[in-house]
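**Student:** Please construct the entire structure, taking both the sequences and the accompanying hints into account.
Taken in sequence, the protein lines are chains D and P. All letters in the first sequence, in the order written, are residues 1 to 271 by the numbering used here. All letters in the second sequence, in the order written, are residues 1 to 271 by the numbering used here.
Source of the hints: derived by calculation from the structure; they are not laboratory data. Watch out, some of these pointers could steer you wrong.
[To be verified] Quick partial rundown of chain P residues pointing at chain D, CB under 10 Å, derived from the structure:
id	residue
1	146
2	152
3	181
4	208
5	249
Since the model is a prediction, treat every value here as computed from it, not as a measurement. All C-beta atoms in this analysis are idealised placements derived from N, C-alpha and C, irrespective of residue type, glycine included.
Number of protein chains: 2
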Amino acid sequence: MNSPHKPYIYDRSDREAERLDYQASKLARLLNHDTSYPPGSRVLEAACGVGAQTTILAKNSPGAEFVSIDISPESLVRAQLRVSHDGITNVTICQADVYHVPFGPESFDHIFVCFLLEHLPDPLLSIKTMKEILQPGGTITFIEGDHGSALFYPDSMEAHKVIDCLVQLQREMGGNALIGRELLHLMTDAGFTKVAVSSRIVYADGSSTENIEGVKNIFIAMVEVVRELAIARGLVDNETWEKGIRDLYRTTEQDGTFCYTFFKAVGNKES
Amino acid sequence: MNSPHKPYIYDRSDREAERLDYQASKLARLLNHDTSYPPGSRVLEAACGVGAQTTILAKNSPGAEFVSIDISPESLVRAQLRVSHDGITNVTICQADVYHVPFGPESFDHIFVCFLLEHLPDPLLSIKTMKEILQPGGTITFIEGDHGSALFYPDSMEAHKVIDCLVQLQREMGGNALIGRELLHLMTDAGFTKVAVSSRIVYADGSSTENIEGVKNIFIAMVEVVRELAIARGLVDNETWEKGIRDLYRTTEQDGTFCYTFFKAVGNKES
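**Tutor:** Okay, structure coming up:
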C-alpha cells in the first residue's frame, strides 16, 4: 500500500451514519458558526465522510464553490444523497485520498478539514500535502476532538478505562484520539503562519436534556463501537467494560455532568 | 474544633497574594463578566480572601452593597487595603467563618462565592448554611476550578503526577480539587432550584503570550507551592517532581498548549 491510510476505526453502517448526522447537527453551531468563505472562493472539504458537515458549510457560504472529497465510496454515496436532498448546488463530491489529491498545486482558496487528522498515521504529511494545493494567502481550518478532555461526575476509574481503550485502539491503528491539543504545533511544523487555535467545550448536565442526549448519542455511542475489539484484544475484561459504560451513562443522569472539548485551528499560507 | 474548617493549603505570603491578584485580574473577565447585582441589593461575598475578586464585583455592581467575609485576619487586612486603595465605598469587610456566619436568616439578597468550596471538608454543609442567610427569591453563585481539566501538549506522565500531588494533598486536608464538576449536584442537594452551570475554558498557546503568562503565574505557581509537602509526604520523589514541573513549563513554550476549565453555577432559593 503506497498510502499510509489505515482502515477507519468505526464501521460505516446506517447506525454510524445516523450518529454522525446527529453529531454534525448538534455540534454545527458550536464548531462552524464562525466558518464562512467569501463568494467566488473555491474551497476543498477534505474527508467529508457522509457529508455531515458538508451541507452546513455549503449553506454558510452560498457563494463559495466546494469540492468535498473522501476515500470511501460508501460514504460518498450518502454524502451525495444528502447534498441532493438538501437542494445544495455549490458542492461537488469526489472520491480522493487526502494523501494523493488529484488537484494541481494551488487549486483552492481555502481548505476545511473536520475530524480527519485523528485517524491518520502521519497527520503532518497530510497537512503538508494539503498545503501544496492551497493558494498562497489562503486559509486552512482543522477541527479535532481530544478524548483526554472528557471530564465527568460521578468520576469513575472504569469509565476512564473504556475511553482509554478507544484511545489505545486508535493509536494501534495509527491514529491519535488526543490530537486536538496538537493542532498548533502540527500546523506550525507544516509551515502555516498566524495559526489561531480556539477551544470549544461542550458542558452537559441534567439541566439541559439536549446536551445530555448528545453525550449519549455522540460520545458514549462512539466508545461503545469498540467494545468487541477492546475485549478481544484483552485491553479490558468484560466486567470492567460493562461497568465503565454503565458509569458513563450514569454521568448523564439528573445530577451528573459531562464535558468534552474540541479544538478549532485556522492557519494561513503566506503569500 | 467545632468548625470543620481546615488550614488553607497555600501560604498567605506576599508572593501568594501577588499570585491571587494576578489571577483575579486575568480571570475576572472570563469568570465575572456576567455577574452584576441590581442597585440596592445586599450581597454577601463569602471567603473574599485578599479581596482579589471583591473590587471587581463591587465595580461591576456600583449600586449594590457588599459584605465580604473571610476567616483569615491576615487576608482581610490585604482585602481592606485593596478596597480602600481602589476608592471603593460599597464594600464592608468582616472576619467570619463560612460555617458560622454572624448574620441572621435571610440577611442577603444574593451570595457570591469564588474558589472556596474546593478547600472545605463539607462543602454541602457550607452551602446549606449560606442558603439560610439568603432571602427567598435570591441567587447564589459559585465559581470553582477542576484540576482534572488540565490538558496540555506535550503530554507528560510526570506533569500529571505533580498535579495529582496537589489533588491528593488537598483531599488529605479535607478539600477537593476536582469540585468544579460537582457544582450541579451539590447545589441541587442543598435545595437550590434552576441551577445553571457553565464551563469557562482557558486555552493558552504560544500564539497568546498573555494566556501563557497566566498558566505560569497561576497554575504552575499553584502546583509549585506544594513541592516540599509532596516530597516530605513521599507522594513523589524529587526527580519526578523536577521533571513534572519542567514538563509543565515546557507546555508554555512556543509550540505547547495548555487548557484549564472553570465552572460557574448560579442557583435560586425558591420564594
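**Student:** Now, for every hint given, state plainly whether the structure supports it.
**Tutor:** Against the structure, the hints:
1. Against a cut-off of 10 Å between C-beta atoms, the interface hint on residue 146/P holds, since the closest Cβ of chain D lies about 7 Å away.
2. For residue 152/P, the interface hint holds, the least distance from its beta-carbon to any beta-carbon of chain D being 7 Å, beneath 10 Å.
3. Annotation: interface hint on residue 181/P holds; nearest CB of chain D at approximately 4 Å, less than 10 Å.
4. Here the hint on residue 208/P is kept, as its CB sits about 9 Å from the closest CB of chain D, short of 10 Å.
5. At its closest, the beta carbon of residue 249/P sits 16 Å from a beta carbon of chain D; the interface hint therefore is violated under the 10 Å criterion.
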